[in-house]
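K.L.:
The sequence shown begins at 1 in full-length UniProt numbering and counts up one residue at a time.
Hints were generated in silico from the structure; no laboratory data involved. Fair warning: this is a prediction, and the values are worked out from it, not measured in the lab. Keep in mind that a hint or two might mislead.
[As the list claims (entries may be wrong)] With a Cα cut of at most 27 Å, we get these calculated BS3-like pairs of lysine-lysine: (1) Lys65 x Lys78; (2) Lys137 x Lys65; (3) Lys78 x Lys181; (4) Lys112 x Lys181; (5) Lys81 x Lys186.
[Stated by the list, open to error] Now the in silico label distances, taken between C-beta atoms and shown as ranges: (6) Asp52 x Asn72: 29 to 37 Å; (7) Ser168 x Gln133: 37 to 45 Å; (8) Met216 x Asp163: 15 to 23 Å; (9) Ser168 x Gln126: 21 to 29 Å; (10) Thr127 x Ser168: 37 to 45 Å; (11) Ser168 x Asn72: 25 to 33 Å.
From the three backbone atoms N, C-alpha and C, an ideal C-beta is built for every residue, glycine too.
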Amino acid sequence: MHQTTHVQKTSTCHTRLEWRSIIQECDFKLPGVRDRVFLRPHTHTLLDFLFDNFKVGVWTSASHKNAMLLVNRVFGEKKSKLEFVMDRQFCRIVSQISNTIIDHVPPKSFVKPLACKDLETFWKNQTLNPADQFSEKNTVIIDDSTDKVCQNGINAHVIPEYDLSNASYNAQKDTVLLQLKSHLEKWILSDYCDNFDYVVPIENSEGCLVSAFETMVLTDLEPSVDPT
Numbered sequence: 001m002h003q004t005t006h007v008q009k010t011s012t013c014h015t016r017l018e019w020r021s022i023i024q025e026c027d028f029k030l031p032g033v034r035d036r037v038f039l040r041p042h043t044h045t046l047l048d049f050l051f052d053n054f055k056v057g058v059w060t061s062a063s064h065k066n067a068m069l070l071v072n073r074v075f076g077e078k079k080s081k082l083e084f085v086m087d088r089q090f091c092r093i094v095s096q097i098s099n100t101i102i103d104h105v106p107p108k109s110f111v112k113p114l115a116c117k118d119l120e121t122f123w124k125n126q127t128l129n130p131a132d133q134f135s136e137k138n139t140v141i142i143d144d145s146t147d148k149v150c151q152n153g154i155n156a157h158v159i160p161e162y163d164l165s166n167a168s169y170n171a172q173k174d175t176v177l178l179q180l181k182s183h184l185e186k187w188i189l190s191d192y193c194d195n196f197d198y199v200v201p202i203e204n205s206e207g208c209l210v211s212a213f214e215t216m217v218l219t220d221l222e223p224s225v226d227p228t
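Model the full assembly from the supplied sequences, consistent with the hints where possible.
P.N.:
Here it is, written out as structure tokens:
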């Protein structure tokens, strides 16, 4: 499942890994609709760009079985280009009640624990990251949940959630993935890896550091939201 083609940029930048939980941003299941995946607008445009310019992997908080089902549906033949697929077993499961790491979900629990994605887990895994080729200098994780990735500082980019159940959602106005593509293109042109502070972190209301991209996207989308 390793290998296949991706374009290496000829710059002074180290090899980069575009590491995102693409499933969480690009699939959605509606209540009562079984076995159907609804891709976010411009998903394939973004995927083509990512595979041409970065090494791509998936990290999802889903179980291994569900992760593979979703990867098959979302990526199709492109799944052979993925460097790896990481599932829930690689996440730190944190209780939202006690804010402590737990090894199982208590029975009859009404508060869903958080499945946090700490990049240190990936960087220290010699099977996934042999010879320490990836580090905080060349790794980015993209997710729709600040809580799940906020411990990664400027290595995390948070985009707005894709929520088809929201009555005000308008697919024709959803350009989030195109904006993400444009943002990543600037990194390539600016030799992002050698100038990592190019993305200035912003502190959100929860006290977690997130990248400037989240604010940019939310601000850009605000005027397009229908007043309902």
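K.L.:
For which of the previously enumerated hints does the structure constitute a violation, in increasing order of number?
P.N.:
2, 4, 6, 9
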